[in-house]
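Protein chains: 4
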Amino acid sequence: MRILFLGDVVGNLGVDMVDQYLPKLKHDFKPQVTIVNGENSTPVGRGISYKIYKQLMNDGADVITLGNHAWNNEEIYDFIDDSKNLVRPLNYPGKDVPGSGYTVINVNGKKLAVINLQGRIFIDPIDDPFQKIDELLNKIEKEVDYVFVDFHAETTSEKKAMGLFLTGRASAVVGTHTHVQTNDNQILNNQTAYITDVGMCGPFNSVLGMKYDSIIHRFLTQRPTRFEVQNEGDQILSGCLIDLRDDGTARSIKTILIDPSHPYNR
Amino acid sequence: MRILFLGDVVGNLGVDMVDQYLPKLKHDFKPQVTIVNGENSTPVGRGISYKIYKQLMNDGADVITLGNHAWNNEEIYDFIDDSKNLVRPLNYPGKDVPGSGYTVINVNGKKLAVINLQGRIFIDPIDDPFQKIDELLNKIEKEVDYVFVDFHAETTSEKKAMGLFLTGRASAVVGTHTHVQTNDNQILNNQTAYITDVGMCGPFNSVLGMKYDSIIHRFLTQRPTRFEVQNEGDQILSGCLIDLRDDGTARSIKTILIDPSHPYNR
Amino acid sequence: MRILFLGDVVGNLGVDMVDQYLPKLKHDFKPQVTIVNGENSTPVGRGISYKIYKQLMNDGADVITLGNHAWNNEEIYDFIDDSKNLVRPLNYPGKDVPGSGYTVINVNGKKLAVINLQGRIFIDPIDDPFQKIDELLNKIEKEVDYVFVDFHAETTSEKKAMGLFLTGRASAVVGTHTHVQTNDNQILNNQTAYITDVGMCGPFNSVLGMKYDSIIHRFLTQRPTRFEVQNEGDQILSGCLIDLRDDGTARSIKTILIDPSHPYNR
Amino acid sequence: MRILFLGDVVGNLGVDMVDQYLPKLKHDFKPQVTIVNGENSTPVGRGISYKIYKQLMNDGADVITLGNHAWNNEEIYDFIDDSKNLVRPLNYPGKDVPGSGYTVINVNGKKLAVINLQGRIFIDPIDDPFQKIDELLNKIEKEVDYVFVDFHAETTSEKKAMGLFLTGRASAVVGTHTHVQTNDNQILNNQTAYITDVGMCGPFNSVLGMKYDSIIHRFLTQRPTRFEVQNEGDQILSGCLIDLRDDGTARSIKTILIDPSHPYNR
Ligand SMILES: [Fe+2]
Ligand SMILES: [Fe+2]
Ligand SMILES: [Fe+2]
Ligand SMILES: [Fe+2]
Ligand SMILES: [Fe+2]
Ligand SMILES: [Fe+2]
Ligand SMILES: [Fe+2]
Ligand SMILES: [Fe+2]
Numbered sequence: 001m002r003i004l005f006l007g008d009v010v011g012n013l014g015v016d017m018v019d020q021y022l023p024k025l026k027h028d029f030k031p032q033v034t035i036v037n038g039e040n041s042t043p044v045g046r047g048i049s050y051k052i053y054k055q056l057m058n059d060g061a062d063v064i065t066l067g068n069h070a071w072n073n074e075e076i077y078d079f080i081d082d083s084k085n086l087v088r089p090l091n092y093p094g095k096d097v098p099g100s101g102y103t104v105i106n107v108n109g110k111k112l113a114v115i116n117l118q119g120r121i122f123i124d125p126i127d128d129p130f131q132k133i134d135e136l137l138n139k140i141e142k143e144v145d146y147v148f149v150d151f152h153a154e155t156t157s158e159k160k161a162m163g164l165f166l167t168g169r170a171s172a173v174v175g176t177h178t179h180v181q182t183n184d185n186q187i188l189n190n191q192t193a194y195i196t197d198v199g200m201c202g203p204f205n206s207v208l209g210m211k212y213d214s215i216i217h218r219f220l221t222q223r224p225t226r227f228e229v230q231n232e233g234d235q236i237l238s239g240c241l242i243d244l245r246d247d248g249t250a251r252s253i254k255t256i257l258i259d260p261s262h263p264y265n266r
Numbered sequence: 001m002r003i004l005f006l007g008d009v010v011g012n013l014g015v016d017m018v019d020q021y022l023p024k025l026k027h028d029f030k031p032q033v034t035i036v037n038g039e040n041s042t043p044v045g046r047g048i049s050y051k052i053y054k055q056l057m058n059d060g061a062d063v064i065t066l067g068n069h070a071w072n073n074e075e076i077y078d079f080i081d082d083s084k085n086l087v088r089p090l091n092y093p094g095k096d097v098p099g100s101g102y103t104v105i106n107v108n109g110k111k112l113a114v115i116n117l118q119g120r121i122f123i124d125p126i127d128d129p130f131q132k133i134d135e136l137l138n139k140i141e142k143e144v145d146y147v148f149v150d151f152h153a154e155t156t157s158e159k160k161a162m163g164l165f166l167t168g169r170a171s172a173v174v175g176t177h178t179h180v181q182t183n184d185n186q187i188l189n190n191q192t193a194y195i196t197d198v199g200m201c202g203p204f205n206s207v208l209g210m211k212y213d214s215i216i217h218r219f220l221t222q223r224p225t226r227f228e229v230q231n232e233g234d235q236i237l238s239g240c241l242i243d244l245r246d247d248g249t250a251r252s253i254k255t256i257l258i259d260p261s262h263p264y265n266r
Numbered sequence: 001m002r003i004l005f006l007g008d009v010v011g012n013l014g015v016d017m018v019d020q021y022l023p024k025l026k027h028d029f030k031p032q033v034t035i036v037n038g039e040n041s042t043p044v045g046r047g048i049s050y051k052i053y054k055q056l057m058n059d060g061a062d063v064i065t066l067g068n069h070a071w072n073n074e075e076i077y078d079f080i081d082d083s084k085n086l087v088r089p090l091n092y093p094g095k096d097v098p099g100s101g102y103t104v105i106n107v108n109g110k111k112l113a114v115i116n117l118q119g120r121i122f123i124d125p126i127d128d129p130f131q132k133i134d135e136l137l138n139k140i141e142k143e144v145d146y147v148f149v150d151f152h153a154e155t156t157s158e159k160k161a162m163g164l165f166l167t168g169r170a171s172a173v174v175g176t177h178t179h180v181q182t183n184d185n186q187i188l189n190n191q192t193a194y195i196t197d198v199g200m201c202g203p204f205n206s207v208l209g210m211k212y213d214s215i216i217h218r219f220l221t222q223r224p225t226r227f228e229v230q231n232e233g234d235q236i237l238s239g240c241l242i243d244l245r246d247d248g249t250a251r252s253i254k255t256i257l258i259d260p261s262h263p264y265n266r
Numbered sequence: 001m002r003i004l005f006l007g008d009v010v011g012n013l014g015v016d017m018v019d020q021y022l023p024k025l026k027h028d029f030k031p032q033v034t035i036v037n038g039e040n041s042t043p044v045g046r047g048i049s050y051k052i053y054k055q056l057m058n059d060g061a062d063v064i065t066l067g068n069h070a071w072n073n074e075e076i077y078d079f080i081d082d083s084k085n086l087v088r089p090l091n092y093p094g095k096d097v098p099g100s101g102y103t104v105i106n107v108n109g110k111k112l113a114v115i116n117l118q119g120r121i122f123i124d125p126i127d128d129p130f131q132k133i134d135e136l137l138n139k140i141e142k143e144v145d146y147v148f149v150d151f152h153a154e155t156t157s158e159k160k161a162m163g164l165f166l167t168g169r170a171s172a173v174v175g176t177h178t179h180v181q182t183n184d185n186q187i188l189n190n191q192t193a194y195i196t197d198v199g200m201c202g203p204f205n206s207v208l209g210m211k212y213d214s215i216i217h218r219f220l221t222q223r224p225t226r227f228e229v230q231n232e233g234d235q236i237l238s239g240c241l242i243d244l245r246d247d248g249t250a251r252s253i254k255t256i257l258i259d260p261s262h263p264y265n266r
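Chains Z, U, A and L are the protein sequences, given in the same order. Just so you know, the first sequence maps onto residues 1 to 266 in the working numbering. Just so you know, the second sequence maps onto residues 1 to 266 in the working numbering. Just so you know, the third sequence maps onto residues 1 to 266 in the working numbering. Just so you know, the fourth sequence maps onto residues 1 to 266 in the working numbering.
Possibly wrong hints are sitting among the right ones.
Only pairs whose alpha carbons sit at most 27 angstroms apart, straight line, appear in this in silico DSS-like list of lysine-lysine [stated by the list, open to error]:
no., chain 1, residue 1, chain 2, residue 2
1, Z, K139, A, K54
2, Z, K95, A, K254
3, U, K132, L, K132
4, A, K84, A, K142
5, L, K139, U, K95
6, Z, K139, A, K132
7, L, K132, U, K95
8, A, K211, A, K30
9, Z, K95, A, K142
10, L, K132, L, K111
11, Z, K95, Z, K111
12, U, K110, U, K24
13, L, K26, L, K132
14, A, K132, A, K211
15, Z, K142, Z, K110
16, Z, K24, Z, K95
17, U, K95, A, K211
18, A, K110, A, K84
19, L, K95, U, K132
20, A, K142, Z, K139
21, A, K24, A, K132
22, A, K254, L, K139
23, U, K95, Z, K211
Treat the hints as calculated values from the structure; they're not laboratory data.
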């Protein structure tokens, strides 16, 4: 089983990179499953719209994951309940959170659970991601063959701790949210594919995908500043490619990076 | 001018990696200057001792930088004022902070300023790093040929913003503190070498260099837990190699990574 | 039903104030139940010991509540499970947290639930206090006549929101943790006694009960500083007196304050 | 010298309370100077407008102070530079912050400095309030007779530490920002009037002045919620009255509280 995962798609330039490269990547690497984090895919870089959800699926995604910005475009409340391949973080609190925190998809007769989970260190105090993933896996792990977790979190410590906590239970624990790819892709204990963050898809010369002038201005003044998505210039696409064995463990995880210094030339 | 930089050295395994590999790296890559971040180099992973400072210098370091853990081993107050190649973050507040936030060293008749700077997002509220580096550069930039900044900070946004803020003024802005190497080494505007974080030197199967069992226990219970440095098992060394042009701008920045999956084989 | 509650007892001066005044207060006001927050009652101001627990009970307390410092004196693990009137915050995560988050005591044939609950804004990310208190009340509210909640939290917003959330379900929601008494004691909707914080018992000329020189030094330097409990000088005792009606609602809540400007003269 | 100070005026109900009671309070207590914190005085509870600034001055204020919400209504950039009695926090960073962090007013031949200062614990990382107030007082303290500080901060520890830091240098250190009045008004070392927070003016049945339903919803869901100012129902006015001696020290500080349980009946 080969999984292609692309990190946080930010704004129009992010969606454009997926439009351009996802078909090529699928043609060249032939993943059975493609997962894309769409939490920043609207033109303003916060949340997702139905139109963009459909566009990312048309580009070749099988599942779209989200994160702390899941709810920033209120339109999501209209379509998340009917979109079974759009997954929001599992551990938002309450009994009637719209949408679902995971989906199980069939791939050549095998079942893959795709789970979206969110960290709490320096983000919102939602339910405990360690508790919630443990409960979910207790419930579903006997019925699924593979478990993929997009762990959307800020700190390297919470992410690595989650990777180690799930070693042997998840096939892959892949980080998102910081928008910068890390260089620590590895197989934990020869069982679980792990990377602290796969990075983002979108504007290259930016801070988190935003125009950097206003971000620097904010750091210098600490007064409110409008942040705008960078909408022109160089682009980046970040992700990873994971190969799983039939027993549900991971064989390899490789990073994917397309940017001005790393042109795509397969 | 070639600079070799190694990220946060953690505990005995970190010092051991520097002992083992720094001489080889210097032999093989022939940097004119070697800088090592030593903020976690005591056996308990917090602060630095005089003995270890001397050991790292003997291994081949020219300058040792620090970070938020600079003051955790109180012995530092005894030797920092006399150790001109031991640099603590520039932007600690007050008029009589022990030690210095930068040092200027002579390399083949050229002057290199090595500056340690600390971020504030999700760390302690010390003085504004943007303001302080701006003031320092206004003071010294005409008298030095190269400027190297170890920016010790948590978030990708504060670090990338700093890199962009200093583009054209610093030769290199290199991040530390998260202990995980990022995959975004780049030359900003063909002028300034940048990487969000170079990563750490120390225990490989760990969270930030600490034994992961107690870290996971802490996440699961939220009750006080003793964190201990991982003192056995696989090791990692992380850093980067930066080449600067005579005009003070950067030509290239390459990552260095030695771990079980990346054996050293130059 | 009259309840006397005393806020966070800090260090030796705090225990001394309880020794001195609790018998007088009980004699003068004749509460049926006395509850004391003991999370800072060791000589170092963090946690509680068995000896001090016994001493506070001997002084006249019926129940001791705790807070985020509950676990700082590790001795607590030895006696909390056997001390049914020592209550730690309900919402620590996990299935086998030592001790209990509430106790039910019988008072003249009526049942009073005393619950300790902890906030999350700017404190540790434990389980959701709103969810957990809702679940507990769903389970026990039919079997008890009165519900007293010590809500140990930092911000005025989380505390007032909790008071309003529990209006009509709790007889009293009383805040602790900031160590400063607020002047907003009130009966919410003629049902629930509320105060944002009752304040502390201990050293008067202090910051949170600690010697202020080292606290100011910490603010000025942002470097590690040893904080020590203030162990001499003026003292303060802070608390409140709550009268409940037979139907479980609150009739009144009055603050108690004994300090150099407010000598006890009943 | 008698000073009347009113805490954060929130929304229309807050402005209405000032309209109603400030003339009466001035008539009854005859302060020489009246200071009002207006950081939440627009109808949406964030920032201040020129119209409301003028209205509060017409009601009898001599100086308006602000806080972290100073900049939320962008109109302020149009009039703050020309409004010498509108004071924003002193310690916003940068050399060209609009407006001023203090004003000196003449009262019967005496000079009173009114300073607005903002804390950093759990608020934005602006410049160090301890450093900045020390620098300002070094500059002006010989030229003024009285010093009044509105310290806009979150935690009881930062506020009390500031009060103790300025004991003997400021005539009064009065806290704002938490919107809840504390019961610890006192004269520090017989020199400096102090209260941790004077509380707010505005809607009574609210959380920070906002409708509580949406605040509770936010705590329960952790998803984005629109917060709206409470615009009807009971009202509160909070403040304090400070008497200073001719030598610049404080003689007394008394709280003012008008709400449904504390009708005004002087
Ligand atoms: Fe994102
Ligand atoms: Fe995110
Ligand atoms: Fe470090
Ligand atoms: Fe660090
Ligand atoms: Fe406490
Ligand atoms: Fe506490
Ligand atoms: Fe306010
Ligand atoms: Fe405020």
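Structure-inconsistent hints, enumerated in ascending order:
Violated hints (numbers, rising): 1, 2, 8, 13, 14, 16, 20, 21, 22 and 23; every other hint is consistent with the structure.
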